[in-house]
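Chains as they are written, first to last, in our numbering: chain U, 1 to 199; chain Z, 1 to 198.
The set of hints was computed from the structure by calculation and includes no laboratory data. Think of the CB as a built atom: it goes at the ideal place given N, C-alpha and C, for glycine as much as any other residue. Fair warning: there could be bad hints in the mix.
[Claimed, not checked] To give a feel for the contact side, a few chain Z residues facing chain U, derived at Cβ under 7 Å: (1) V68; (2) I70; (3) V75; (4) T79; (5) V82; (6) A90.
[To be verified] If you only want the chain U side, here are some residues facing chain Z, beta carbon under 7 Å, derived: (7) L23; (8) A25; (9) T30; (10) K33.
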Amino acid sequence: MIKEYLKMIVVLTLIAMVCGFLLSAVKTFTYEKIEEQILVNVKGPALTNVLSQSSNNPINDRMEVELEGVAYTVFIGKKDKKLYAVAFESEGSGFGGKIGIMIGIDIEKSVLSGIGILTHQETPGLGSRISETSFTDRFKGKPLTGNFKVKKDSGDIDAISGATNSSRGVCAAVDTGVGIYLKLKAEILKKFEEGSEDK
Amino acid sequence: MKKSIAQEFFKGFWEVLPPFRLVLGLCPTLAITTLAENGMGMGIATTFVLFFSNIIIASLKNIIPKKVRIASYIVIIATFVVIVELVMKAYFFPISQKLGLFIPLIVVNCIILGRAEAFASKNSVIRSAADGLGVGLGFTMSLVLISSLRELLGRGTVFGVGVMWSGFEPFGFMVEAPGAFVCLGMILALINLVPKKA
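Starting from the given sequences, assemble the full structure and let the hints guide the process.
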């Protein structure tokens, strides 16, 4: 009897262990490739949208900027070989989980050049409408000093009706993003100057 | 009478053809067959999982205690599904985006657990491999058939290539969910015209 139970435990544990090792190996092996695919297929289209006026490929011209121990990947948008806008990722909590966005900031004019939704788990048909351009365009051209909250919370952004919490999530992500940008700005400009001197 | 290895392989194309003869695995059959490409991707992913899970389960059949067999099968199947998911994300990203949630759902596809329980747990490794591959390819074939039909009628294309005459007005209905039921029903009706062996 005891032997039978022991066998069950041992066999199942062994199977689970082998499977676990196998999966972590596959995960490590495919990790970089998947990141690259996401960069090209998900972030790429979002980038061309938020940095629509750039004449370069922002995926190739990206750099790591560190702030308080956290590394941010900043995508550079150039117009006539001059830095005009940057884009990076930010996130906020929506209705169903984290909403990840790509936020583009026009450096010259200090306005948002656009945002794009990268990942979300909002309700299909309701909250998921935050990915539609009719909503993301509401952020385009807003000054960085703006109040990134939905109108219900006395902000500047019209929420999607029926999806106030999802809209709040996007606003929070934009607000965080703008905060990060204001702290990073000096560092980004410095790094960009250094980079262009090298060339 | 024992079947030959070839017979074990070919029975997956008719005798135990999953969606049409056994009427198993209908969730992916109905949900993702809007484009021939999706049907093909789903079929290949399922075949991979079925083939390897059958082999592993057949080779472990004398070690796995009877009382925890289902749990063991699920762990093994889930492992292969996650491998497929990661590999698809890494090398076939656009199609893995389209299939989305339905890739992880292969774990609960009853064809796979069905073959494990009904076949691999009682037969040799080689037989189980032939069975897994045959049933998997039969499933792929069925998905490609139903999705090509829906794509053809719903969009006028097959694998993204326009094949209908110009001026063909696609039935948008066929690529919507009800179209899947109608299409599957028609195929099942046609297949049932063939008399079953006694």
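> Minimum Cβ distance from V68 (chain Z) to chain U below 7 Å?
Replying inline: holds, 5 Å
> Holds or violated: is the Cβ of L23 (chain U) closer than 7 Å to a Cβ in chain Z?
Replying inline: Since the shortest Cβ distance to chain Z is 6 Å, the answer is holds.
> At a threshold of 7 Å, is the proposed contact between I70 (chain Z) and chain U supported by beta-carbon distances?
Replying inline: Status violated, d = 11 Å.
> Per the CB criterion, is V82 (chain Z) less than 7 Å away from chain U?
Replying inline: holds, 6 Å
> Would the stated hint for A25 (chain U) survive a check requiring a Cβ distance to chain Z of less than 7 Å?
Replying inline: Violated, because the Cβ-Cβ distance from A25 (chain U) to chain Z comes to roughly 10 Å (cut-off 7 Å).
>> Less than 7 Å between beta-carbons is the criterion; does T30 (chain U) satisfy it with respect to chain Z?
In response: At about 4 Å, which falls below the 7 Å cut-off, the nearest Cβ of chain Z leaves the hint on T30 (chain U) intact, so it holds.
>> Given a cut of 7 Å on the nearest C-beta pair, is the interface hint for T79 (chain Z) held or broken against chain U?
In response: With a closest approach of 4 Å, the T79 (chain Z) hint holds.
>> Given a cut of 7 Å on the nearest C-beta pair, is the interface hint for A90 (chain Z) held or broken against chain U?
In response: Since chain U brings a Cβ to about 4 Å from A90 (chain Z), closer than 7 Å, the hint holds.
>> Can you verify the interface hint for K33 (chain U): is its Cβ closer than 7 Å to any Cβ in chain Z?
In response: holds, 4 Å
>> Holds or violated: the hint that V75 (chain Z) contacts chain U, with Cβ atoms closer than 7 Å.
In response: holds, 5 Å
Checked against the numbered hints given earlier, the structure breaks hints 2, 8 and satisfies all the rest.
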